[in-house]
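Visitor: Make the full structure from the sequences, and use the hints.
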Amino acid sequence: MTQISHAPEPDMILPLAHAIKMSDEDSQIVKEIAKTLLTSLRKAQHEGWVNQFLNEYRLGTEEGTALLSLAEAFLRVPDHDTADLLISDKIGNADWGTHSGKSASTLVNSATWGLVLGKAMVGPNEGSVLKTLIARTGEPFVRQGVGAAMRLMGQIFVMGRNIEEAVKRMNKSVNRGFTASFDMLGEAARTEDDATRYFNAYCDAIRKLAKFQSKGKALGHSISVKLSALHPRYEVAHRHKCVPELIEKCLQLAQLAADSNILLTIDAEEAARLDMSLDIIEAVASAPQLAHWDGLGMAIQAYSKRAMAVIGWADEMSGVYGRKLQVRLVKGAYWDSEIKYAQEQGLSGYPLFTRKAATDVSYLACAAAMLDAKNLFPAFATHNALTVASIIHLAGDRRDFEFQRLHGMGDGLFENLVREQGYQCRIYAPVGGHRDLLAYLVRRLLENGANSSFVHQLSDHNMTDDELLKDPVDRIIYIKGARHPSIPLPCDLYQPERLNSRGVHMDDAGTLDALMSRMNQPIDLIAPQQISTDTLSAMIANAQKAFVPWSRMSVDNRAAILEIWADLLEEQRETALQILVKEANKNIFDAINEVREAVDFCRYYAAQAREQMQDIILPGPTGEQNILRMDARGIWAAIAPWNFPLAIFMGQIAAALVTGNGVIAKPAPQTPIIGKFAVDLAYQAGVPKDVLQFANGGADLGKALVEDARINGVVFTGSVPTARHIARSLLIDDNRPLVPLIAETGGLNAMIVDSTALPEQVVRDVIISGFQSAGQRCSALRLLAVQDDIYDNLVEMLCGAMDSLNICMPDRADCDVGPVIDKASYDKLMGYLETQKNNIIKSANVPKNGLFVPPTLIAIDKVSDLQTEWFGPIIHIVKWRRGGMDALIAQINNSGFGLTMGVHSRIARVTQRVEAQARVGNLYVNRSIIGAVVGSQPFGGEGHSGTGPKAGGPHYLSRFCVERTISTDTTSAGGNASLLSLDDDDFEY
Numbered sequence: 001m002t003q004i005s006h007a008p009e010p011d012m013i014l015p016l017a018h019a020i021k022m023s024d025e026d027s028q029i030v031k032e033i034a035k036t037l038l039t040s041l042r043k044a045q046h047e048g049w050v051n052q053f054l055n056e057y058r059l060g061t062e063e064g065t066a067l068l069s070l071a072e073a074f075l076r077v078p079d080h081d082t083a084d085l086l087i088s089d090k091i092g093n094a095d096w097g098t099h100s101g102k103s104a105s106t107l108v109n110s111a112t113w114g115l116v117l118g119k120a121m122v123g124p125n126e127g128s129v130l131k132t133l134i135a136r137t138g139e140p141f142v143r144q145g146v147g148a149a150m151r152l153m154g155q156i157f158v159m160g161r162n163i164e165e166a167v168k169r170m171n172k173s174v175n176r177g178f179t180a181s182f183d184m185l186g187e188a189a190r191t192e193d194d195a196t197r198y199f200n201a202y203c204d205a206i207r208k209l210a211k212f213q214s215k216g217k218a219l220g221h222s223i224s225v226k227l228s229a230l231h232p233r234y235e236v237a238h239r240h241k242c243v244p245e246l247i248e249k250c251l252q253l254a255q256l257a258a259d260s261n262i263l264l265t266i267d268a269e270e271a272a273r274l275d276m277s278l279d280i281i282e283a284v285a286s287a288p289q290l291a292h293w294d295g296l297g298m299a300i301q302a303y304s305k306r307a308m309a310v311i312g313w314a315d316e317m318s319g320v321y322g323r324k325l326q327v328r329l330v331k332g333a334y335w336d337s338e339i340k341y342a343q344e345q346g347l348s349g350y351p352l353f354t355r356k357a358a359t360d361v362s363y364l365a366c367a368a369a370m371l372d373a374k375n376l377f378p379a380f381a382t383h384n385a386l387t388v389a390s391i392i393h394l395a396g397d398r399r400d401f402e403f404q405r406l407h408g409m410g411d412g413l414f415e416n417l418v419r420e421q422g423y424q425c426r427i428y429a430p431v432g433g434h435r436d437l438l439a440y441l442v443r444r445l446l447e448n449g450a451n452s453s454f455v456h457q458l459s460d461h462n463m464t465d466d467e468l469l470k471d472p473v474d475r476i477i478y479i480k481g482a483r484h485p486s487i488p489l490p491c492d493l494y495q496p497e498r499l500n501s502r503g504v505h506m507d508d509a510g511t512l513d514a515l516m517s518r519m520n521q522p523i524d525l526i527a528p529q530q531i532s533t534d535t536l537s538a539m540i541a542n543a544q545k546a547f548v549p550w551s552r553m554s555v556d557n558r559a560a561i562l563e564i565w566a567d568l569l570e571e572q573r574e575t576a577l578q579i580l581v582k583e584a585n586k587n588i589f590d591a592i593n594e595v596r597e598a599v600d601f602c603r604y605y606a607a608q609a610r611e612q613m614q615d616i617i618l619p620g621p622t623g624e625q626n627i628l629r630m631d632a633r634g635i636w637a638a639i640a641p642w643n644f645p646l647a648i649f650m651g652q653i654a655a656a657l658v659t660g661n662g663v664i665a666k667p668a669p670q671t672p673i674i675g676k677f678a679v680d681l682a683y684q685a686g687v688p689k690d691v692l693q694f695a696n697g698g699a700d701l702g703k704a705l706v707e708d709a710r711i712n713g714v715v716f717t718g719s720v721p722t723a724r725h726i727a728r729s730l731l732i733d734d735n736r737p738l739v740p741l742i743a744e745t746g747g748l749n750a751m752i753v754d755s756t757a758l759p760e761q762v763v764r765d766v767i768i769s770g771f772q773s774a775g776q777r778c779s780a781l782r783l784l785a786v787q788d789d790i791y792d793n794l795v796e797m798l799c800g801a802m803d804s805l806n807i808c809m810p811d812r813a814d815c816d817v818g819p820v821i822d823k824a825s826y827d828k829l830m831g832y833l834e835t836q837k838n839n840i841i842k843s844a845n846v847p848k849n850g851l852f853v854p855p856t857l858i859a860i861d862k863v864s865d866l867q868t869e870w871f872g873p874i875i876h877i878v879k880w881r882r883g884g885m886d887a888l889i890a891q892i893n894n895s896g897f898g899l900t901m902g903v904h905s906r907i908a909r910v911t912q913r914v915e916a917q918a919r920v921g922n923l924y925v926n927r928s929i930i931g932a933v934v935g936s937q938p939f940g941g942e943g944h945s946g947t948g949p950k951a952g953g954p955h956y957l958s959r960f961c962v963e964r965t966i967s968t969d970t971t972s973a974g975g976n977a978s979l980l981s982l983d984d985d986d987f988e989y
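For the sequence shown, counting from 1, position 355 maps to 355 in the UniProt record's numbering; every step adds exactly one.
These are calculated hints, taken from the structure and not from any lab test.
Fair warning: this is a prediction, and the values are worked out from it, not measured in the lab.
Just so it is clear, CB atoms sit at the ideal spot from N, CA and C, and this is done for glycine as well.
Just to be clear, a hint being listed does not mean it is correct.
Simulated crosslink set (DSBU-like; lysine-lysine; CA at most 30 Å straight-line) [what the hints assert, rightly or not]:
1. K31 / K470
2. K31 / K43
3. K211 / K324
4. K241 / K842
Label-pair distances were calculated between CB atoms; the ranges are [what the hints assert, rightly or not]:
5. K689 / K862: 52 to 58 Å
6. V548 / P721: 35 to 41 Å
7. G422 / M1: 34 to 40 Å
8. I4 / K703: 38 to 44 Å
Guide: If you want it as structure tokens, here you go:
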């Protein structure tokens with residue numbers, strides 16, 4: 001299925017469109033059925049104030065976005081002050097008055113007036129008004145009103161806070177002929193405790209649901225299970241551990257369901273997890289102890305290119321084990337994140353269709369295949385009237401299938417079908433507390449608000465029935481199945497400027513296993529010989545001679561050589577990966593990302609040079625020509641670090657070369673092999689050997705290099721003390737011209753978290769930021785500042801996530817944290833941890849043998865307790881109190897470092913305050929603070945953290961150049977020819 005997953009979109013969707021295209025007569029029948037359904041839907045929508053409210057405040061409006069943000073965060077905020085600030089931020093800045101009286105619903109108009117009044121109380125000028133009102137009433141009624149509204153929204157989309165409440169509320173629908181699929185709400189497990197809690201909740205729900213299900217009665221209600229909730233490491237790289245454990249848990253749940261005569265459906269999740277889920281489903285389906293039970297089910301996503309193949313697999317697998325498998329067909333709920341993930345990973349294509357019309361066509365094709373399948377019981381989850389009508393027509397007189405709808409949506413679509421025509425319908429009913437409903441609620445609002453959503457279009461009174469019921473099959477055939485024009489392939493993400501670097505399909509088990517097998521093949525790692533200072537002197541002399549013709553080569557030719565260099569690295573990627581894993585202790589994922597970054601540097605600087613190194617004609621008086629030109633400086637010393645020995649090394653060299661300079665390239669003493677590999681590729685690409693020379697050596701060689709007066713510039717990445725030493729060395733000789741230094745050093749990188757942040761997201765980003773690459777990144781998280789109201793809960797969750805880290809040698813695919821680079825680093829870090837043993841909150845277990853520094857969480861009392869950058873997997877955590885953010889930012893600024901910072905908050909004013917006050921080079925909002933992307937997030941700091949300009953940014957190349965102005969008097973030959981030859985006929989008469 002992997003080849004199918006990333007196949008060209010037209011190849012996948014056009015055959016389906018042609019296969020299911022109906023005759024004109026059949027199409028007309030379907031449209032008549034659909035129009036009848038639309039009448040029922042419109043009536044139900046008109047009667048429901050919630051639908052009208054969502055229509056008035058749809059996602060495309062500023063006010064709709066504000067309400068969505070408020071809904072996502074409000075109910076989890078534990079402290080009143082932050083909740084009030086959140087309300088003020090979301091309600092106080094929107095223009096609610098534009099919606100006044102616009103709805104046909106009195107309730108919606110009343111709600112609008114409430115929002116207008118709320119803005120008057122908590123808006124930008126609210127201070128005295130809000131305080132006075134609170135003082136008068138003795139309670140913050142605005143907050144209470146918002147809380148009540150959020151809980152009401154929850155009741156609309158969530159069936160109950162627990163299974164008993166949900167079943168009780170469901171009874172009215174049962175009496176009307178509906179059944180339910182109960183979904184226990186919650187985020188994916190981040191810790192083993194999370195997974196245990198969710199597993200117990202599923203077990204408890206099944207047992208309680210059994211009380212409402214008679215032994216002799218046919219299968220009725222069902223439970224939906226999310227595999228990611230049952231294991232904190234449900235990932236392809238960890239499948240050898242997680243899949244057996246998930247099979248065991250699912251077998252236990254299935255046995256409970258079978259004993260209770262209840263359906264159990266395994267939900268579909270991200271495309272990367274599909275193959276693992278199929279392995280788990282087959283293991284449960286083949287269990288002999290469950291042979292008598294036909295209640296196992298699975299969900300299939302129609303937006304997936306693999307949907308048809310999965311249906312075929314499910315039918316065949318069920319036949320092999322002699323069972324009937326329940327299959328829920330859905331459109332798919334991860335579309336936006338799947339698109340982004342494929343682009344970030346540089347994949348060859350998308351695992352899903354990029355057009356809604358293509359998904360609709362795929363859905364109909366899948367529905368037809370499911371109706372034809374011998375061993376499947378089809379369940380069609382949709383709110384689209386045309387889709388329902390098509391299925392009814394395809395099924396004819398059959399009733400051996402069911403429709404499904406979400407609780408709170410599509411109420412009017414199926415009532416008559418169930419009551420009068422005997423169709424079965426199941427309500428997908430979320431169950432959970434108010435805190436758990438947040439992610440689900442936002443997803444539902446997003447789906448409702450999307451412009452292409454049928455529900456959204458239905459609420460648009462300007463759309464006619466014929467517009468709503470346009471056949472997606474005709475649309476796909478007309479456009480020949482073309483991909484959406486606004487969604488380029490990942491490789492074309494940065495076009496027309498440059499190609500994106502090519503990624504690896506690491507979510508495919510076969511690809512991953514084959515790659516790791518090749519990674520573990522023997523390879524000769526022979527360190528290149530270190531050179532003497534005499535040899536270095538000769539190198540610089542040769543570079544000076546070679547510099548002149550190289551600088552006079554056209555910028556197009558130099559840029560083309562960089563692009564060839566990038567291509568060669570991609571061609572020989574696996575050799576580079578092997579060296580990075582074995583020499584630099586990189587795990588395979590970090591190694592792939594580093595190769596990609598090196599490729600991106602070459603292509604980006606090539607494109608930038610073509611644009612920037614052209615003569616610029618400047619304005620001036622007539623008879624004069626003024627030109628600004630960028631020229632090379634001369635010979636640059638490029639001194640690279642060991643933590644990014646390929647990407648930073650190649651980035652430094654590429655920038656210097658493409659601007660016409662010569663380069664003496666010195667790798668870190670710990671990682672010379674990968675440096676030599678990169679330089680050899682540059683020679684193959686066409687860089688003359690005297691223009692780029694490889695100088696391997698230790699600190700003495702580095703000292704001689706920067707002190708040589710023939711060096712015209714230094715680009716360095718490393719420690720602050722070394723950067724200072726280089727800066728002083730460049731000024732020792734008073735007769736030496738001033739030499740530019742581009743230095744990128746480290747930082748005491750902080751992440752600020754307030755109580756509106758989503759804890760699960762924070763924990764994920766903290767683990768990535770602090771422990772990925774064993775914390776050996778300049779940008780890695782060193783200081784975590786958490787609002788005291790959520791401190792204890794966040795620490796507990798973070799410690800649990802640390803327990804799930806796999807700490808081992810990097811030649812394993814499941815390596816999360818490998819050893820540090822060398823014994824000196826190990827000794828320094830372990831010595832520091834020994835001094836902090838009384839402050840350690842959590843220290844992960846590590847193998848006894850090897851240079852493994854345990855990922856560690858250390859409590860400190862104040863920001864100033866952290867004075868030094870500890871370059872390893874160590875995070876310091878400090879509390880801060882609400883109202884103290886300005887002081888916190890000032891304390892972080894006072895450290896003098898300014899590389900990266902993160903802020904997790906749902907309050908725009910908070911993130912804007914951090915943005916305005918933080919003195920850092922890279923600020924990250926609601927995400928991790930590592931992984932800067934070339935051309936998208938130029939990287940570099942200020943203060944102790946670097947000189948600038950930023951690597952991978954539009955100003956970087958200018959530092960490698962001198963600027964020269966040429967001013968020419970064009971009248972010196974005796975007259976201003978251009979002025980005298982002007983045409984006087986500048987208008988018609």
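Visitor: Are the hints correct? Go through all of them and say.
Guide: Taking the hints in turn, this is what the structure says about them:
1. K31 / K470: Within the cut-off at roughly 9 Å; holds.
2. K31 / K43: Holds, at about 18 Å.
3. K211 / K324: holds (25 Å)
4. K241 / K842: The hint holds at about 24 Å.
5. K689 / K862: 52 to 58 Å: holds (54 Å)
6. V548 / P721: 35 to 41 Å: For V548 and P721 the Cβ distance comes to about 36 Å; the hint holds.
7. G422 / M1: 34 to 40 Å: Given about 37 Å between the Cβ atoms, the range holds.
8. I4 / K703: 38 to 44 Å: violated (57 Å)
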